[in-house]
Amino acid sequence: MGSDLAVSSGGLYLSLWLETNLPINHSPHLVLWSAWGIAHALIQHGIPVQVKWPNDLLLKGKKLAGIKTESKINGNRITAAIIGVGINWTNPVPATGIALGPFCEAESIQSINSLTDLAEITLAGLTLGWHRYQREGIAGILVDYLQLFAHRGREISLPQGVGIIESVTAQGELVVLIGQRREIILPGTVSLGYDHAG
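Under the numbering used here, the sequence shown has 170 at position 170, and the numbering climbs by one with no breaks.
Check each hint, because a few of them may be wrong.
For each label pair, taking beta carbons as the anchor points, the in silico distance ranges come out as [what the hints assert, rightly or not]:
hint: 1; residue 1: Gln110; residue 2: Gly179; range: 41 to 51 Å
hint: 2; residue 1: Glu105; residue 2: Thr79; range: 26 to 36 Å
hint: 3; residue 1: Ala139; residue 2: Gln110; range: 13 to 23 Å
hint: 4; residue 1: Ile73; residue 2: Glu155; range: 35 to 45 Å
hint: 5; residue 1: Gln180; residue 2: Val143; range: 35 to 45 Å
Read the hints as simulated data drawn from the structure, not as lab findings. For every residue, glycine included, the Cβ atom is placed at its ideal position computed from N, Cα and C.
Please model the entire structure based on the sequences and the hints provided.
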């Protein structure tokens with residue numbers, strides 16, 4: 001396990017490199033346990049984050065962080081993975097984004113005072129998620145991920161019709177209930193959007 005940290009224009013950009021030996025079809029698990037781990041760590045420090053499918057963290061309905069993964073494949077195994085995390089701290093953000101630094105100041109949150117604090121918390125969350133995944137697999141993490149899933153129960157318009165967002169699968173697919181049938185939506189095929197108010 002190794003990590004790299006960069007600070008640019010007031011944001012945190014952190015990469016974690018992992019040696020792995022995972023089946024290739026477990027690739028979606030990387031984002032799921034990463035998002036859960038970081039969210040869990042931030043919540044422990046008083047930051048009420050939620051997860052947005054497939055790879056963002058929200059605060060007050062706005063984008064706080066994004067997670068990207070890359071994998072090294074050998075045959076049908078993932079032999080290494082890089083988890084990249086970007087978190088808004090004091091950098092300028094669009095209307096759909098939020099920066100954590102001003103939020104912490106406004107809410108008098110004392111446990112995160114610097115980018116160094118944020119980096120330590122983020123790395124601790126990634127480590128927690130990875131170790132839990134190694135011990136338990138994805139099932140329990142997915143249950144906890146879904147407790148933090150911001151769009152569960154919301155309406156969504158799809159080409160197949162209007163439905164209600166129900167869940168996310170262990171393969172990272174969105175499950176939407178349209179009438180009596182469930183539609184499985186692959187990551188990257190629809191966007192859930194952000195709240196503009198707040």
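Evaluation of the provided hints:
no. : hint                          : result
1   : Gln110 <-> Gly179: 41 to 51 Å : holds, 49 Å
2   : Glu105 <-> Thr79: 26 to 36 Å  : violated, 43 Å
3   : Ala139 <-> Gln110: 13 to 23 Å : violated, 36 Å
4   : Ile73 <-> Glu155: 35 to 45 Å  : holds, 38 Å
5   : Gln180 <-> Val143: 35 to 45 Å : violated, 25 Å
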